[in-house]
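Number of protein chains: 2
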Amino acid sequence: MNRIKYPAYLDKILTPKVAAMIIKNHDVLGVSGFTKAGDSKSVLPMVADRALHEDIKVTVLSGASLGYDTDADLAKNGALYKRMPFQADPTLRKSINSHEVLYVDQHLGQTADMLQKIDSFKIDVAIIEAVGVTEEGYIIPTTSVGNSPAFTEKAEKIIIEINTTFPESLYGLHDVKFLKKQPNRDVIPVLKSDTRIGDPFIKIDPEKVVAIVYTEVPDSPAVISAPDEKTTAISKHILDFLGNEVDEGRLTESLLPLQAGIGKTANAILSGFTNSRFKDLTMYSEVLQDSTFELFDAGKLSFASASSITVTEECSKNIFSDFDKYKDKLVLRPQNISNSAEVISRLGIIGINTAIEFDIYGNVNSTHIMGTNMMNGIGGSGDFARNGYLSIFACPSMSKEGKISHIVPMVSHTDHTEHDIDILVTEQGLADIRGLAPIERARVIIDKCVHPDYKAQLLYYFEEAYKLGGQTPHILPETFSWHTRLKTEGSMKIKKVVKSIV
Amino acid sequence: MNRIKYPAYLDKILTPKVAAMIIKNHDVLGVSGFTKAGDSKSVLPMVADRALHEDIKVTVLSGASLGYDTDADLAKNGALYKRMPFQADPTLRKSINSHEVLYVDQHLGQTADMLQKIDSFKIDVAIIEAVGVTEEGYIIPTTSVGNSPAFTEKAEKIIIEINTTFPESLYGLHDVKFLKKQPNRDVIPVLKSDTRIGDPFIKIDPEKVVAIVYTEVPDSPAVISAPDEKTTAISKHILDFLGNEVDEGRLTESLLPLQAGIGKTANAILSGFTNSRFKDLTMYSEVLQDSTFELFDAGKLSFASASSITVTEECSKNIFSDFDKYKDKLVLRPQNISNSAEVISRLGIIGINTAIEFDIYGNVNSTHIMGTNMMNGIGGSGDFARNGYLSIFACPSMSKEGKISHIVPMVSHTDHTEHDIDILVTEQGLADIRGLAPIERARVIIDKCVHPDYKAQLLYYFEEAYKLGGQTPHILPETFSWHTRLKTEGSMKIKKVVKSIV
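Quick note, the sequences are listed as chains A and B, same order. Residue numbers for the first sequence follow this note's numbering, so the first one is 79 and each next one is one higher. Residue numbers for the second sequence follow this note's numbering, so the first one is 79 and each next one is one higher.
Please keep in mind that the hints were generated in silico from the structure rather than gathered at the bench. Heads up, a few of these hints could be off.
It does not matter which identical chain is meant; a pair holds if it fits inside one copy or across any two.
[Claimed, not checked] Here are the simulated SDA-like cross-link-like pairs (lysine to any residue), alpha carbons at most 25 Å apart as the crow flies:
1. Lys259 - Gly321
2. Lys545 - Pro555
3. Lys258 - Gly341
4. Lys308 - Lys526
5. Lys160 - Ile517
6. Lys160 - Tyr544
7. Lys270 - Pro555
8. Lys565 - Ile482
9. Lys102 - Asp277
10. Lys259 - Thr273
Here the structure is a predicted model, which means the values were calculated and not measured.
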């Protein structure tokens, strides 16, 4: 009970089931949660349950992906009308691709701004997980800040979900600043990863709070596969490249603040720094994975800023059992600040993200399988790639026993354009395409990144296209022949091996 | 002679022909000039001349496009190895598309940063047009600032070209601030369009100056076609939309700072504000065209910030014969500040740019004809579209007597992704796609923007693709069938009219 320091809230304590009844059909919900961290574990799942028995369909805006089966159950039970700005759930993905759920795949840094600009998402109810509330009735978030400040600001009603599995010592971890709508937007004075510019709580109007619920469910743990041969090779290529930048005097051994996407590849890349020459590293990222804490423990990392902490069960135990060990080296920010164009460009972030596929001219597809089906979403990759110091994208050169080449003539969906990409890397090697014209990029990318099984085939495409001329040579009717071949013949490989003409 | 207030430079006065001899084969040149304004009119053309008689091939980095036939002659005479970050010359375009010249099509706001990051462009000689030099030997630019600060900072040698056709009263127009490389980059403290943060000159090391030349050639005048029925309709749609934003309380009648691309459409759109309800408008743009001065004269515009002034002959006479009339309402900045992600996001720019084509899901092609051939380049459109408050793209719905639809199933080259586009507009109407999922966008775009001649055909594509499912429905082998049909049959139109199945 001592987690609620604002007495007026004590009258508002409800069970999750009753609290969920506050939500009405067609409501727009703004919910906490960023890559499974700090999401609603009691009230939002109850909304999914309600949909089993009654007509209730809601629009759900979150920070990023939600944990457990919340997104899956909402989708499966028909409770979702529209979802944004990110998801990563296989069941929801299916509902999106079959048009049962509308999905707006948005830069994670831009949702809060969008809410200030348009009225179509009015936020009827915000559901925010908290460690507790302050004496003023303000919210102390848990493992993510995400879009919670923007949601509570615009919401008509607020439901606070107090999660007692997190220690109260999380208080002080967060740094919350509200950004005013233009023309009243000020400087965002983050000058380094560790600059604090706001409050350790989310300031809300306590009058908006309609319910407080308790939950004892921990964050759903991240499951991260150990680095394998390919991700280790990718990590090595990136470390070698950065080492060379240091040798040439373009960067120091502290580099510049690092950002890394989520998942196995990003985690492996960061883990690679543990036994590297680099030191006094900092992170200015959106999610912190296990690798961040490995780097702290190895003495390599001095500070990490993000919008969420998403770790494995083991790592979670380690961190939260003795949180003071890490607290002064961490800050969690709203995602319009962790992913702010202003801060990312000023600090000069080195952004490392994963691609689904990229093409010979340097365009990157981060979201769509075969140009049509949504995988997860763009997340924050565009925020960092567009405005950072270095934009690095990585993926394996080949997969599915060689049936798929991840480097193709033309990406089937463009999330990051040729103008925004600096470095492309696979287990085969790394292509530095900065300052290169498209026809120069093609040769470097084919040479460095493509699997030997596909090299001749891709070079053949390029050379045939090159003969036709153009800044970006293509044989337009053939651009997606690799994708259609995969569909019709089961492999992108041309059966009769093409011999390069050069 | 009184334009050179730094006596030590008097010994360095050379004829353009002799000064041009300083440039060596394989040199990298950083030259002033932004959309034909403030470019080198004497020395750089002499480099083109030299190539007629000797082996000289150089890389030319500029602000943006150059005036007169400089780019054409450099290309035609084989004097260009690589060109960046922008061009708009028909002869050079041809050389680029036939692979005689390498072309790096870059966001205009990012060239200066790139020079800090990589060593492959060392800038052997900077050639900078000036109104004069100060007592300290610093450069007072003419009608553009562009990348000149970055070029002079990195250059080994500097040639200053003093243009006596511009009045000395230009002194005070410019605001030059050098941005340090990360991690030492500070806040860029531009809080409003009219904030000045630097010096009215380009601070240089006078020791680098190897030649001073005089020129009496004015800027090559802009030629702008008068608004026609289509561009007037586009302008009206945009004004109506913005008026509605004001009515709904989302913007005030001063709107937010405007940015507009160059050319007929952008000029017509801005001219439309002359007889509108809006007042106390401001601009935070990259180029100022005639329409800016029309808006000043009409009392609609209170301040304009940009990186260059590119106007017609008549407008030029009007401005520069009595420059004090406009001087305190104008500032010209380096293009890494006029196009800075930080400032654009803080100020909340309304960016209005033209598209070559866009697709039913909201992706925009600004650069490539038929996906392969370079037109001009992305310019600053991406800087504004990605980080501004509103990103508007306009083009006619149809052209070449109906042979080309500018709205297609999939753009043949992506410069601005679906994630970055807010508003699409043709003479047919305006589509506000903010907060919409791709399948929602398709219906709005087809309904509002597509020419009636292509509506059924495009709807048919969408509906057939929709049946196949997916977040972004496409029939992959058919995506570019419109482009290939144009090539093989002379028109994007399907001969047998397809009847919509709905």
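Going down the list of hints, with the structure as the test:
Only between protomers do lysine 259 and glycine 321 lie at most 25 Å apart by alpha-carbon distance; the minimum there is 19 Å, versus 41 Å within a single protomer. Taking the closest pair of Cα atoms, lysine 545 and proline 555 come within 25 Å of each other both inside a single copy (15 Å) and across two copies (22 Å). Within a single copy, lysine 258 and glycine 341 get their C-alpha atoms no closer than 33 Å, and across copies no closer than 34 Å, so neither meets the 25 Å cut-off. In this assembly of identical chains, the alpha carbons of lysine 308 and lysine 526 lie at most 25 Å apart only when taken from the same copy (15 Å versus 48 Å across copies).
In this homomeric assembly, lysine 160 and isoleucine 517 come within 25 Å of each other (Cα to Cα) only across copies, at 12 Å, whereas the closest approach inside a single copy is 41 Å. Taking the closest pair of Cα atoms, lysine 160 and tyrosine 544 come within 25 Å of each other only across two copies (18 Å); inside a single copy the shortest separation is 44 Å, beyond that limit. For a Cα distance limit of 25 Å, the shortest separation of lysine 270 from proline 555 qualifies neither inside one copy, at 49 Å, nor across copies, at 48 Å. Within a single copy, lysine 565 and isoleucine 482 get their C-alpha atoms as close as 11 Å, which meets the 25 Å cut-off; across copies the closest is 31 Å, which misses it.
With identical chains, the CA atoms of lysine 102 and aspartate 277 are never at most 25 Å apart, being 32 Å at best within one copy and 58 Å at best between copies. Taking the closest pair of Cα atoms, lysine 259 and threonine 273 come within 25 Å of each other both inside a single copy (22 Å) and across two copies (19 Å).
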